[in-house]
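Residues per chain are reported as follows:
2 protein chains.
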Amino acid sequence: MIIDVFFTTGEVEPVGFQEATAVVIDVVRATTCMVEALANGAKAIFPTVSIEEAVKLASSLGRDDTLLCGESKGIKIEGFDLGNSPGEFSPDVIGAKRLVMSTTNGTVAFSFAQEAERIVACAFTNLSAVAEAVSGVDRLVIQCAGRQGRFALEDALCAGHLVKRITEGVADVQLNDGALAARALAKGIKIGPKVLEPTAAGRALEAIGLAGDLKLCASVDRHAIVPEMHNQALTAAR
Amino acid sequence: MIIDVFFTTGEVEPVGFQEATAVVIDVVRATTCMVEALANGAKAIFPTVSIEEAVKLASSLGRDDTLLCGESKGIKIEGFDLGNSPGEFSPDVIGAKRLVMSTTNGTVAFSFAQEAERIVACAFTNLSAVAEAVSGVDRLVIQCAGRQGRFALEDALCAGHLVKRITEGVADVQLNDGALAARALAKGIKIGPKVLEPTAAGRALEAIGLAGDLKLCASVDRHAIVPEMHNQALTAAR
Numbered sequence: 000m001i002i003d004v005f006f007t008t009g010e011v012e013p014v015g016f017q018e019a020t021a022v023v024i025d026v027v028r029a030t031t032c033m034v035e036a037l038a039n040g041a042k043a044i045f046p047t048v049s050i051e052e053a054v055k056l057a058s059s060l061g062r063d064d065t066l067l068c069g070e071s072k073g074i075k076i077e078g079f080d081l082g083n084s085p086g087e088f089s090p091d092v093i094g095a096k097r098l099v100m101s102t103t104n105g106t107v108a109f110s111f112a113q114e115a116e117r118i119v120a121c122a123f124t125n126l127s128a129v130a131e132a133v134s135g136v137d138r139l140v141i142q143c144a145g146r147q148g149r150f151a152l153e154d155a156l157c158a159g160h161l162v163k164r165i166t167e168g169v170a171d172v173q174l175n176d177g178a179l180a181a182r183a184l185a186k187g188i189k190i191g192p193k194v195l196e197p198t199a200a201g202r203a204l205e206a207i208g209l210a211g212d213l214k215l216c217a218s219v220d221r222h223a224i225v226p227e228m229h230n231q232a233l234t235a236a237r
Numbered sequence: 000m001i002i003d004v005f006f007t008t009g010e011v012e013p014v015g016f017q018e019a020t021a022v023v024i025d026v027v028r029a030t031t032c033m034v035e036a037l038a039n040g041a042k043a044i045f046p047t048v049s050i051e052e053a054v055k056l057a058s059s060l061g062r063d064d065t066l067l068c069g070e071s072k073g074i075k076i077e078g079f080d081l082g083n084s085p086g087e088f089s090p091d092v093i094g095a096k097r098l099v100m101s102t103t104n105g106t107v108a109f110s111f112a113q114e115a116e117r118i119v120a121c122a123f124t125n126l127s128a129v130a131e132a133v134s135g136v137d138r139l140v141i142q143c144a145g146r147q148g149r150f151a152l153e154d155a156l157c158a159g160h161l162v163k164r165i166t167e168g169v170a171d172v173q174l175n176d177g178a179l180a181a182r183a184l185a186k187g188i189k190i191g192p193k194v195l196e197p198t199a200a201g202r203a204l205e206a207i208g209l210a211g212d213l214k215l216c217a218s219v220d221r222h223a224i225v226p227e228m229h230n231q232a233l234t235a236a237r
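Top to bottom, those sequences are chains Y and S.
Heads up: the first sequence begins at 0 in numbering that gives the first Met the number 0, then just goes up one per residue.
Heads up: the second sequence begins at 0 in numbering that gives the first Met the number 0, then just goes up one per residue.
Honestly, the hints are just simulated from the structure, not real lab data.
Errors might be hidden in some of the hints.
[What the hints assert, rightly or not] What follows is a set of in silico ranges between Cβ atoms, one per label pair, in the way DEER data are often shown:
#1 S:Pro90 with Y:Ser71: 54 to 60 Å
#2 Y:Gln147 with S:Gly61: 42 to 48 Å
#3 S:Glu167 with Y:Glu116: 44 to 50 Å
#4 S:Ser49 with Y:Glu116: 20 to 26 Å
#5 S:Ser58 with Y:Gln173: 39 to 45 Å
#6 Y:Ala203 with S:Gly61: 40 to 46 Å
#7 S:Val172 with Y:Gly86: 31 to 37 Å
#8 Y:Ser110 with S:Glu131: 41 to 47 Å
#9 S:Glu167 with Y:Glu51: 48 to 54 Å
#10 Y:Asp220 with S:Ala210: 38 to 44 Å
#11 Y:Val136 with S:Ala210: 29 to 35 Å
#12 Y:Arg202 with S:Gly135: 42 to 48 Å
#13 Y:Glu131 with S:Lys186: 28 to 34 Å
#14 S:Gly135 with Y:Lys193: 25 to 31 Å
[To be verified] Pairs of lysine-lysine, DSS-like flavour, derived with a Cα cap of 30 Å:
#15 Y:Lys193 with S:Lys163
#16 S:Lys163 with Y:Lys186
#17 Y:Lys96 with Y:Lys72
#18 Y:Lys186 with S:Lys189
From the three backbone atoms N, C-alpha and C, an ideal C-beta is built for every residue, glycine too.
With these hints in hand, go ahead and build the complete structure from the sequences.
This is the structure we're talking about:
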């Protein structure tokens, strides 16, 4: 088994995903929101690379059962139905709806991985479900969303805990430098809201009054759900 | 004190170095070679961004007391005097010479940091000397060379040990995500050749028969020397 972890989208060409299973991670907050939404009954989530693409797609899908969600600079986009706080994605709001989502880092990371054989979304909230779903594949590429092209600690830590779980007791595994480092990080740092607070993402949320989101983002295995991409949309595999 | 660590050159714009002290790290092997060369009597080292620039510069400096050194794909460049193995930089070979150096990652990283107020080169071999030289500056930017735009474990680990030494007992310090992760890595991983062997850089050296270089690259505090950039050249501050 080969496992590569990339901490930023700049580290790998799209061709690097070919014939691989890709895991996309954006703990604060896109993939956490996706897991929450699908666990709470959303029919499908369409990640987009821009606000413009999101608006156009929602319009073509039909606005009756489609919600626009996401953020720009952390804050809900004007005219959108929802922002990017996982707590917003409650069953009464998003049940049986399709979501079109645009965020600064997370939704964009999915487009980088689009040549992968299979694409799943991972957060702390569905860590064990993803670990089980991807264990034993020949080649796994874990793409951290990072933060505006920079390393993000929370994504690296989530990647590391995923690598740790997948490789426990597995003899024949080849890790790239990112995977070696991420796993070492996971061995030294336990998951919790306190870890997220001093990160750039945590401080940015604090600055806009959304630090409360971190608690849910740090909840391990809250859902046994694996968002998986089919025809441009993530749906729930349980 | 603010400390930012960037694992790849893609993570920061040149403007991000303004009014900062920059530390450039390329453990395997550029900055290790620089430390070795200056400790062994080289007068100055000119890092360049390409083979062409190196050849042109060496010619303009005068070839009598100037050596061309560096690698392409790990191997000594045709027509150059030396490759990029730290063991080549012995006093009898490089004493009182000026060196013009071209490497794939390390020498290029210096050009990214060129707007910094002060630029120094760091490797495991001069870790404590650099830690002492940069302790207490207002803003420190540690730029890892990485490997062709990707995260390199050995550089991250060296950055982490540097951050760990600088921040020990210092109360008022603000670390970016890279610095938080690097320091955590350093707390979990001891320095030694065994750590370098499974890295991409270590495996590449093994493949071209140069794995022997790793031992010197992993020697902590072999020299109490701080290569510092003045007028495009690194010289020795002790």
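Hint by hint, here is what the structure shows:
no. : hint                               : in the structure
1   : S:Pro90 with Y:Ser71: 54 to 60 Å   : 59 Å, holds
2   : Y:Gln147 with S:Gly61: 42 to 48 Å  : 45 Å, holds
3   : S:Glu167 with Y:Glu116: 44 to 50 Å : 46 Å, holds
4   : S:Ser49 with Y:Glu116: 20 to 26 Å  : 38 Å, violated
5   : S:Ser58 with Y:Gln173: 39 to 45 Å  : 44 Å, holds
6   : Y:Ala203 with S:Gly61: 40 to 46 Å  : 53 Å, violated
7   : S:Val172 with Y:Gly86: 31 to 37 Å  : 33 Å, holds
8   : Y:Ser110 with S:Glu131: 41 to 47 Å : 46 Å, holds
9   : S:Glu167 with Y:Glu51: 48 to 54 Å  : 49 Å, holds
10  : Y:Asp220 with S:Ala210: 38 to 44 Å : 41 Å, holds
11  : Y:Val136 with S:Ala210: 29 to 35 Å : 30 Å, holds
12  : Y:Arg202 with S:Gly135: 42 to 48 Å : 24 Å, violated
13  : Y:Glu131 with S:Lys186: 28 to 34 Å : 30 Å, holds
14  : S:Gly135 with Y:Lys193: 25 to 31 Å : 28 Å, holds
15  : Y:Lys193 with S:Lys163             : 20 Å, holds
16  : S:Lys163 with Y:Lys186             : 18 Å, holds
17  : Y:Lys96 with Y:Lys72               : 25 Å, holds
18  : Y:Lys186 with S:Lys189             : 14 Å, holds
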